[in-house]
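Colleague: Position chains B and C relative to chain A; hints supplied.
Protein chains in written order, with this note's numbering: chain A, 29 to 382; chain B, 1055 to 1324; chain C, 161 to 418.
Errors might be hidden in some of the hints.
What the hints assert, rightly or not - Residues from chain B shown here face chain A by an in silico Cβ test under 8 Å; the list is partial:
(1) 1110
(2) 1211
(3) 1224
(4) 1227
(5) 1305
Claimed, not checked - Over 10 Å on every C-beta distance to chain B, these chain A residues come out as not near it, computed from the model:
(6) 71
(7) 74
(8) 77
(9) 89
(10) 117
(11) 153
(12) 163
(13) 166
(14) 167
(15) 174
(16) 206
(17) 209
(18) 213
(19) 378
What the hints assert, rightly or not - When the alpha-carbon atoms are kept at most 20 Å apart in a straight line, the in silico EDC-like pairs for lysine to aspartate or glutamate are as follows:
(20) 1066/B to 129/A
(21) 343/C to 325/C
(22) 376/A to 1127/B
(23) 58/A to 1201/B
(24) 343/C to 371/C
(25) 1132/B to 129/A
(26) 232/C to 129/A
(27) 1132/B to 1059/B
(28) 1132/B to 1201/B
(29) 397/C to 344/C
(30) 232/C to 62/A
(31) 1066/B to 294/C
(32) 61/A to 1064/B
(33) 233/C to 65/A
(34) 343/C to 361/C
(35) 343/C to 364/C
(36) 232/C to 64/A
(37) 1131/B to 129/A
To be clear, the hints were calculated from the coordinates, so they are not data collected in a lab. The beta carbon of each residue, even a glycine, is placed where N, CA and C say it ideally should be.
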Amino acid sequence: MHMADALLSPAVGGTLWAASSGTIAYCSAKVRKDIDDRKVPLMGVLGAFLFAAQMINFSIPGTGSSGHLGGGLLLTILLGPHAAFLTIASVLVVQALFFADGGLLALGCNIFNLGLFPAFVAYPYIYKKIAGERPGQARITVAAIAAAVAGLAMGAFAVVLETVSSGITSLPFSTFVVLMLPIHLAIGIVEGVVTAAVVTFVYKARPEILQGAIEARPVAGHPLRNVLLAFLAAALLTGGVVSWFASGDPDGLEWSIAKVTGKDELKGPEHGIHGVLAALQEKIAFLPDYSFRKPAETKSEGPGAEGGAKPEGDARKGEGSKLGTSVSGIVGGLITLVIVFLAGFLLKRRSQTA
Amino acid sequence: MASIEGTILDFKRLDQLARGGTSLHRIDARAKVLVALVFILSVVSFDRYALTALFPFFLYPVVILALGNLPADYFVKKVVLFLPFALAVGMLNPLFDREVVVRVGSFGVTGGWVSCASILVRAILTVSAALLLVGVTGFPEICRALERLGVPQTFAVQLLFLYRYIFVLTEEGARSSRARELRSFGGKGLGIKSYGSLVGHLLLRTWMRADRIHMAMLARGFTGAFHARHPSRFGGKETLFLLGWSTLFLVLRLRNVSQLLGSLVTGTFP
Amino acid sequence: MSHHLVEAVHLRHVYPDGTVALRDVSFRITHGESVAVIGANGAGKSTLLLHLNGYLTPTSGVVRVGDQSFTKKTLPEIRRRVGMVFQDPDDQLFMPTVYEDVAFGPVNLGLSTAEVEARVREALERVGAAHLRDRPPYRLSGGEKKRVAIATVLSMAPDILVMDEPTNGLDPFARRRIIELLKDFHHTRIFTSHDLDMVLELCERTIVLHEGEVRADGPTGEIFRNEGLLAECSLEKPLSMQGCPVCGSSGKQEAEGG
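This is chain A alone, in the form it adopts within the complex:
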């Protein structure tokens, strides 16, 4: 369920990064104040444990395929929301850097999607409510499944929202939802079952581990609300900053695609914050029959606008060059690649013999 850099626009990615960073800072402060400094090595090794556990597979009955533990819910049960969030985030950072799981722009989204929902929503509001104090095995299983499904569903939905509002993929919203949600529901059930299996095991062998986790509740107030507020603030701030950046830039950013399609009214008064927010709003609006706007379809300038080898293309070369897909663009691109790799090759030879 990792988001990919490729699908994310800088605006959405940046916003989610801000939200994740804010949450990391908040959780760091909370964990630091925790008098139990055992948390420091515990978070580290449990993160490593999760990392290792994710590489061990089990076969899913009936499907013939194998799965592995996600672990967000498990960590929250063991560590409490704040420490768990940090641990999950740290594992994702390592995965992004070393395994290209998603990428660095999407990391903010992934931390948010895979960390926030299990730790701050699914665990306190679903798992704990169902499991209560000293639960039996059946209760743990039900609570874990419910929480895992909820957490994953929220995460999956978030992925859809983030992707669609980024506008890089052409996949329509409705199709996306239909693709994502059922799969993640199924994954959630498996995750819940596996989490319950591990939790039950621990509960039987060393119940004090779970008791300790339950008692260490530093929560006073509403962490979810605070996080949402931080998110909102970050979103507004980022939106403002990015649009300020965008308004000075003549070409290249998403909003200028609208220019190509003839929405010249984006220039002028609406090119500032209003324009951005309006554009964002339009994209976020999710009605059942919402389908993603394809820039090329809205104008008759479509096929002919992009310059090419056609004689009349000359006049339109201006538009085509914006998309970088005119012939000269292609030629230039190839030449650039050759130069770049040649340079690299020569440099390498030099540093090896030097």
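Modeller: This is chains B and C only, laid out in the frame that chain A set:
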């Protein structure tokens, strides 16, 4: 997921490379982290149809690879390995975006293909940037740089501990997993119940290990905070590195250099 | 010199789950002594050690290090003076590089950067690991890890060195290096070990624990000659005292009087 042993070896290899002695390795980690950041931001800020404009950006990974004396085949292999995922992501575009945006001769290329290619190129660039950053800096140094750039100490320490114990835990996990595999005949033993038990045991051992580490920390005077004693300089070289690359990225972002080159060429050779 | 005294008086420790790990342990170790604490698994050795730096508190009885009892205020100083090396070096090497691990103690003591550097260098040289300075711990062999673990404690300039199973899991060469290293120390040394041959070489005094109690406390050679005692405590003579496997004669018994 990759085999556990393979993963550990990979980590170790990357960690080894980061200890290389080139001048690039010696540059303060903060500069390298910031440059990588600017690079990624520049690349991802392009619109969906940008393709040839992205090509000049390959200069950065190529130069870093060369100057850092890193093995090209290793990194190319890693990038290629993850390409199918990027492709899967981008593959949907040609299905939905069928308007032709460019004609090469009588052959029309739809926007969907262009944006798909753009997604691929972008992915290659950003992934390479991340991997190469680790290759010339090393994960622990990156964590320290992040801390000095403002990341909360609790999180930076968490990253360090995580990294340190991944080597230990993955080996333990590999041993248990292998033992289970050897005793599962025809796949009968790989179900959820045995998994729960295996992982449960691993978890308990991990928990006890955390206790012992804590003991060792206390025995050496740990009282909750880590005191940073890292001499590192952000000097002229670092400033030059940062400004130089950032300026280049900015220029490449604002002007389609491929286009310019191409116009030059096609202009002189009609 | 009383401030290097290690003393236990009727020490008793019961774990939260009811296990009585130590029933009644008393001993007195003076400055410069080299003492081994031996016994079967579960006899209480590790539990005893953990009292020596205040990690565990006695259920009843007293533990004293250098005439000081353990309070919140005295704890940091006691932990500096009692250098404890645990069984699994991976638990002790938790920093990214050897240098940082060895520096961890001095840094926590608040020493200046220059002093920390000096301490680290000295400690690494003493254990013969100066060339391992910048290595990450996962790239060390078992023997190297053990030596570095010792260095992490030496850098705090302890007066008393406590080690839990110093030669555990080491190949013969690494084991020999550790033994030679430990011979060179003139601190008070307290080891637990199953390696009775090492005990014979290094420790003039041995305390035998059995089911949480001190069954014997005296010169090492004497104790190892007492076969009845050893058998009762689920122990055996060290291999070097067990007689030649070829000709059956008991060779080194008399010479190794302790």
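Colleague: For residue 378/A, which was marked as not at the interface, is the minimum beta-carbon distance to chain B over 10 Å?
Modeller: The claim breaks: residue 378/A does not keep its Cβ more than 10 Å from every Cβ of chain B (closest is about 8 Å).
Colleague: Given residue 1227/B as an interface hint, is the shortest Cβ-Cβ distance to chain A below 8 Å?
Modeller: holds (3 Å)
Colleague: For the hint on residue 1211/B, does the least C-beta distance to chain A fall short of 8 Å?
Modeller: Since the shortest Cβ distance to chain A is 7 Å, the answer is holds.
Colleague: Taken at face value, is the distance from the CA of residue 344/C to the CA of residue 397/C at most 20 Å?
Modeller: With Cα atoms ~25 Å apart, residue 397/C and residue 344/C exceed 20 Å; violated.
Colleague: Verify the proposed pairing of residue 343/C with residue 371/C, using a straight-line Cα cut of 20 Å.
Modeller: Violated, at about 30 Å.
Colleague: If I take the minimum Cβ distance from residue 89/A to any residue of chain B, is it greater than 10 Å?
Modeller: violated (7 Å)
Colleague: Please settle this one: residue 71/A was flagged as non-interface, so is its CB more than 10 Å from every CB on chain B?
Modeller: violated (5 Å)
Colleague: Does the claim that residue 166/A lies outside the interface with chain B hold up, using a Cβ gap greater than 10 Å?
Modeller: Per Cβ check, residue 166/A is outside 10 Å of chain B; nearest 15 Å; holds.
Colleague: Should the hint that residue 1110/B touches chain A count as held when the rule is a Cβ pair under 8 Å?
Modeller: Holds: closest Cβ of chain A sits about 5 Å from residue 1110/B, inside 8 Å.
Colleague: Does residue 153/A clear chain B by more than 10 Å, comparing its Cβ with all Cβ atoms of that chain?
Modeller: holds (25 Å)
Colleague: Given the hinted pair residue 1066/B and residue 129/A, is their Cα-Cα distance within 20 Å?
Modeller: Judged against 20 Å, a Cα distance of about 19 Å means the pair holds.
Colleague: So if I understand the rule, the pair passes when the alpha-carbon distance is 20 Å or less; does residue 232/C with residue 64/A pass?
Modeller: holds (16 Å)
Of the numbered hints stated above, those contradicted by the structure are hints 5, 6, 7, 8, 9, 10, 19, 24, 26, 28, 29, 32, listed in ascending order.
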